[in-house]
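Throw the hints in and build the complete structure from the sequences for me.
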Amino acid sequence: KYDQLELIKIVFSSFDKFDLKKEFHITNQKLFLFIVDISKSYRRSGLHTWRHAVDSLQFIIYALSVTSLHKSFEKYELLSLVIAAICHNAGHDGFEKVKTKKDRSKTPFEILYRSQNVEEMRNIEFTIRTLSKDECNLLSVLGYDRQKQIWRLVINLILGINVRKHFKFVKSFKNLLNDKKFDIKNKKNRHFLMLLMMKCAYFASLTRNFKSAQKSVNPIVQEFLLLGKVEDCSGLKYVDDDCKILNEER
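Just add 568 to wherever you are in the sequence shown, counting from 1, and you've got this note's numbering.
If you're looking for bench data, these hints aren't it; they were derived computationally from the structure.
Nothing here was measured: the structure is a model prediction, and the numbers come from that model.
Check before you lean on any hint, since a few could be wrong.
[To be verified] Subject to a maximum C-alpha distance of 30 Å in a straight line, what follows is the list of computed DSSO-like cross-link-like pairs (lysine-lysine):
id : residue 1 : residue 2
1  : Lys733    : Lys643
2  : Lys748    : Lys736
3  : Lys585    : Lys716
4  : Lys755    : Lys643
5  : Lys739    : Lys767
6  : Lys643    : Lys589
7  : Lys756    : Lys716
8  : Lys639    : Lys779
9  : Lys643    : Lys701
10 : Lys733    : Lys755
11 : Lys639    : Lys736
12 : Lys767    : Lys733
13 : Lys756    : Lys589
14 : Lys577    : Lys608
15 : Lys701    : Lys767
16 : Lys589    : Lys639
17 : Lys742    : Lys753
18 : Lys742    : Lys767
19 : Lys608    : Lys716
20 : Lys716    : Lys736
21 : Lys643    : Lys716
22 : Lys643    : Lys739
23 : Lys598    : Lys643
24 : Lys598    : Lys577
25 : Lys639    : Lys755
26 : Lys589    : Lys577
27 : Lys716    : Lys590
28 : Lys748    : Lys643
[Said to hold, decoys possible] Restraint ranges, calculated between C-beta atoms of paired labels, are given here:
id : residue 1 : residue 2 : range
29 : Glu703    : Glu574    : 22 to 32 Å
30 : Phe735    : Asp571    : 32 to 42 Å
31 : Val604    : Tyr630    : 22 to 32 Å
Cβ atoms here follow ideal geometry from the backbone N, Cα and C, with glycine treated the same way.
Shown next, in the form of C-alpha cells:
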C-alpha cells in the first residue's frame, strides 16, 4: 500500500515523464500545493478515492509510454490529460443522493445542470475551485488562448467519462475505425483517443495483479448497482422495489 507521500511522488514523476513542469513553467511548490488541495476533495473510502485518481493517472502515463503515443500528442494535450486524470472524481459524493432518494431529477443540482450529469459537473466544479487558487494554478503563466484551450479539453474529458454516454461513444469510435478514417494527426481524432484512455483508466485497477485487482471489484459493482439495474444496460425491462414494471417508453 502506498501512503500519501508516495502517491504525491507518483504524480510528480508523471509530470516529469513528459517534461510538463519545464514546458509550462510549473514550480515544485505550485504542483505540490495543487496535489494536496485536490486530494482533500476525494472520498476516504469506496471507489472514488485519491488512490483511485492516482491509479488512473499512472495507467495513462504507462499507456502513453509503452505505445509511444505521447509523441503524437501536443504538450498542452498531455497536460490536459494528466489534469483530467487527477481531477476526474474530485468532490464525488459517492452517489449519496441516489442512496437516499429515488428521484434524482428533483435535486437542486440536477435542475441546475439539466442535461448534464450532476457528478461530472461537480467534479469539474472542484477542479476549477482548486486551479483557480493562485498557489495551485498550474496554468497561471500561460496566455489566455492556451488556458482556454486546456480548460476546454479538461472539461470535455471529465464530462466524457459519464457512463450513460458510454455505448454511444464506443459506437462512434468503432465507426471511425471501421471506416478507416482514424488519423492521429487529426486533432478531433486525438481527443477521441484521449477520452478512450480516460475510460480505460477508470478501471485501471482491474488490470493489476489479481490480488490487487480483487480489492476494486466490490466498489465498482456497487457503483453500477447505484447507477441503474444491470438489465437496463441491456435494454430489458426491470422491476423496482415495489415490483412494478418500469418502462420509460410508456
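The hints, checked one at a time:
| no. | hint | in the structure |
| --- | --- | --- |
| 1 | Lys733 <-> Lys643 | holds (28 Å) |
| 2 | Lys748 <-> Lys736 | holds (19 Å) |
| 3 | Lys585 <-> Lys716 | holds (24 Å) |
| 4 | Lys755 <-> Lys643 | holds (13 Å) |
| 5 | Lys739 <-> Lys767 | holds (14 Å) |
| 6 | Lys643 <-> Lys589 | holds (11 Å) |
| 7 | Lys756 <-> Lys716 | holds (17 Å) |
| 8 | Lys639 <-> Lys779 | violated (33 Å) |
| 9 | Lys643 <-> Lys701 | holds (23 Å) |
| 10 | Lys733 <-> Lys755 | holds (21 Å) |
| 11 | Lys639 <-> Lys736 | holds (28 Å) |
| 12 | Lys767 <-> Lys733 | holds (11 Å) |
| 13 | Lys756 <-> Lys589 | holds (25 Å) |
| 14 | Lys577 <-> Lys608 | holds (16 Å) |
| 15 | Lys701 <-> Lys767 | holds (28 Å) |
| 16 | Lys589 <-> Lys639 | holds (17 Å) |
| 17 | Lys742 <-> Lys753 | holds (18 Å) |
| 18 | Lys742 <-> Lys767 | holds (15 Å) |
| 19 | Lys608 <-> Lys716 | holds (25 Å) |
| 20 | Lys716 <-> Lys736 | holds (27 Å) |
| 21 | Lys643 <-> Lys716 | holds (15 Å) |
| 22 | Lys643 <-> Lys739 | holds (28 Å) |
| 23 | Lys598 <-> Lys643 | holds (19 Å) |
| 24 | Lys598 <-> Lys577 | holds (14 Å) |
| 25 | Lys639 <-> Lys755 | holds (14 Å) |
| 26 | Lys589 <-> Lys577 | holds (14 Å) |
| 27 | Lys716 <-> Lys590 | holds (20 Å) |
| 28 | Lys748 <-> Lys643 | holds (26 Å) |
| 29 | Glu703 <-> Glu574: 22 to 32 Å | holds (23 Å) |
| 30 | Phe735 <-> Asp571: 32 to 42 Å | holds (38 Å) |
| 31 | Val604 <-> Tyr630: 22 to 32 Å | holds (24 Å) |
The structure does not agree with numbered hint 8 stated previously, though it agrees with all others.
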